[in-house]
Amino acid sequence: MSVFISVGIVILAMLIMASLQLVPGIFALFSHYAIGKFQRTKASTLALWFILGAEIITVIFFIIAVYLSYILFLNDLDPRNNVLTWIFAGILIALSLASFFFYFRHPHSKDTELFIPRSFAKAFDKRARSAKSPSDAFALGAFSNIPELIFTMPLYIITATEIVYSHAEYFADDFMTILYILISTVPLFVLYHSFRSKRTLADVMHSRIRDKTFHRLCLSFSYLTIAILIICFRIV
Amino acid sequence: MNSLNLKQIKRELKIDARGLNIPSGSAEIFIDRTLETVSQKFKDRAFVTEKDLKNTIAKELSKYHKDFAYVYKNRDKII
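Protein chains in written order, with our numbering: chain A, 1 to 236; chain B, 1001 to 1079.
These are calculated hints, taken from the structure and not from any lab test. C-beta: ideal position from N, C-alpha, C; glycine also. Just to be clear, a hint being listed does not mean it is correct.
[Said to hold, decoys possible] Which chain A residues face chain B? A few, computed with CB under 7 Å, are given here:
hint: 1; residue: Ile26
hint: 2; residue: Lys37
hint: 3; residue: Arg40
hint: 4; residue: Gly90
hint: 5; residue: Ile91
hint: 6; residue: Phe115
hint: 7; residue: Pro117
hint: 8; residue: Ala121
hint: 9; residue: Glu148
hint: 10; residue: Leu201
hint: 11; residue: Asp211
[To be verified] In silico lysine-lysine, DSS-like type, Cα no more than 25 Å apart, as pairs:
hint: 12; chain 1: A; residue 1: Lys212; chain 2: A; residue 2: Lys132
hint: 13; chain 1: B; residue 1: Lys1077; chain 2: A; residue 2: Lys212
hint: 14; chain 1: A; residue 1: Lys42; chain 2: B; residue 2: Lys1063
hint: 15; chain 1: B; residue 1: Lys1066; chain 2: B; residue 2: Lys1051
hint: 16; chain 1: B; residue 1: Lys1051; chain 2: A; residue 2: Lys126
hint: 17; chain 1: B; residue 1: Lys1041; chain 2: B; residue 2: Lys1007
hint: 18; chain 1: B; residue 1: Lys1073; chain 2: B; residue 2: Lys1041
hint: 19; chain 1: A; residue 1: Lys126; chain 2: A; residue 2: Lys37
hint: 20; chain 1: A; residue 1: Lys198; chain 2: A; residue 2: Lys132
hint: 21; chain 1: B; residue 1: Lys1054; chain 2: A; residue 2: Lys122
hint: 22; chain 1: A; residue 1: Lys122; chain 2: B; residue 2: Lys1051
hint: 23; chain 1: B; residue 1: Lys1077; chain 2: B; residue 2: Lys1043
hint: 24; chain 1: A; residue 1: Lys198; chain 2: B; residue 2: Lys1041
hint: 25; chain 1: A; residue 1: Lys37; chain 2: B; residue 2: Lys1041
hint: 26; chain 1: B; residue 1: Lys1014; chain 2: A; residue 2: Lys132
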């Protein structure tokens, strides 16, 4: 039973990671500028460096989360009787509300402005516009994950705890870890393929606007479901 | 509106046009006509706000290419 709950939590966390919009948004802008400035081959190479940067930072965050989960839950304390588990459930419920009401700045308008401060958005736009070398693309891919940490870090910690804690029950932890890390960059590969098949930033924007409500609901329900699963099955 | 500003806008518009797969010849015509109309419109004004300039350029561009105008107008609202 516990294994199924763990798998469920990890799959829901994957769904959230794949629904987050900041990194794909920055990647779309970056690809648009790269195609506008360079030959398609160079633009493709830079896009792959961006994806590699995003992937590496995800691995780093996951390793940090494993250490944090050891400190918070697994070192001495039983996660089933831990007040921290309640706190994390509370954080997830808060994130569920935040992702529905505040993740997009204007939930009903025809744009995809996100929750990040406008100065951050401008800085990312500037960096995406001026990036011209693989190192620029790699750094942009890595840094673009940081403002979203408020939404992702609790998930990383909970996923790491579930994966590590379930290890004793022969849970396929290596496979789930790799899948969890890879899944966050799947939207980037989809966008990469879209830009390679001559879709443009306008097409990507239109589809993001069309799917905005779906993303909000998906994020909100997934956070809420993880919180409910934790409250029901991880707190005794 | 000084010429330096127009040059910069033209350079940015060319990047956008290429990113949107608009053929370079057509893009050049769209951009030149748009910027010509915009500079005519603002030639007597002492100050032009960034928002006014952006909206006017987007409005002019939309006569030639809807996606081009859309991307130019909404670029800072993507993330």
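For the pair supplied as a hint, B:Lys1054 and A:Lys122, confirm whether the alpha-carbon distance does not exceed 25 Å.
holds, 16 Å
Given hint A:Ile91 near chain B, where the shortest CB pair must fall under 7 Å
It is violated, given that the least Cβ distance between A:Ile91 and chain B is near 24 Å, above 7 Å.
Is the hinted pair A:Lys42 and B:Lys1063 satisfied, with a Cα-Cα distance of at most 25 Å?
Since the Cα atoms of A:Lys42 and B:Lys1063 sit roughly 32 Å apart, the hinted pair is violated (cutoff 25 Å).
CA of B:Lys1077 to CA of A:Lys212, is that 25 Å or under?
holds, 14 Å
Need the status of pair A:Lys198, B:Lys1041: alpha-carbon distance at most 25 Å?
violated, 35 Å
Between A:Lys212 and A:Lys132, is the straight-line Cα distance small enough, at 25 Å or below?
Outside the cut-off at roughly 31 Å; violated.
Hint check: is the beta carbon of A:Asp211 less than 7 Å from a beta carbon of chain B?
violated, 14 Å
Under 7 Å is the threshold here; is the Cβ of A:Arg40 close enough to any Cβ of chain B for the hint to stand?
Not OK, violated: A:Arg40 not within 7 Å of chain B, min 10 Å.
Would you check the hint for A:Lys198 and A:Lys132, treating anything up to 25 Å between C-alpha atoms as holding?
At roughly 21 Å apart (the allowed maximum being 25 Å), A:Lys132 and A:Lys198 satisfy the hint.
Verify the proposed pairing of A:Lys126 with A:Lys37, using a straight-line Cα cut of 25 Å.
The hint holds at about 14 Å.
With 7 Å as the cut and Cβ atoms as the points, is A:Pro117 at the interface with chain B?
violated, 11 Å
The hint names A:Phe115 as touching chain B; please verify it with the least Cβ-Cβ distance against 7 Å.
Because about 10 Å separates A:Phe115 from the closest Cβ in chain B, which is outside the 7 Å limit, the hint is violated.
Checked against the numbered hints above, the structure breaks hints 3, 4, 5, 6, 7, 9, 11, 12, 14, 23, 24, 25 and satisfies the rest.
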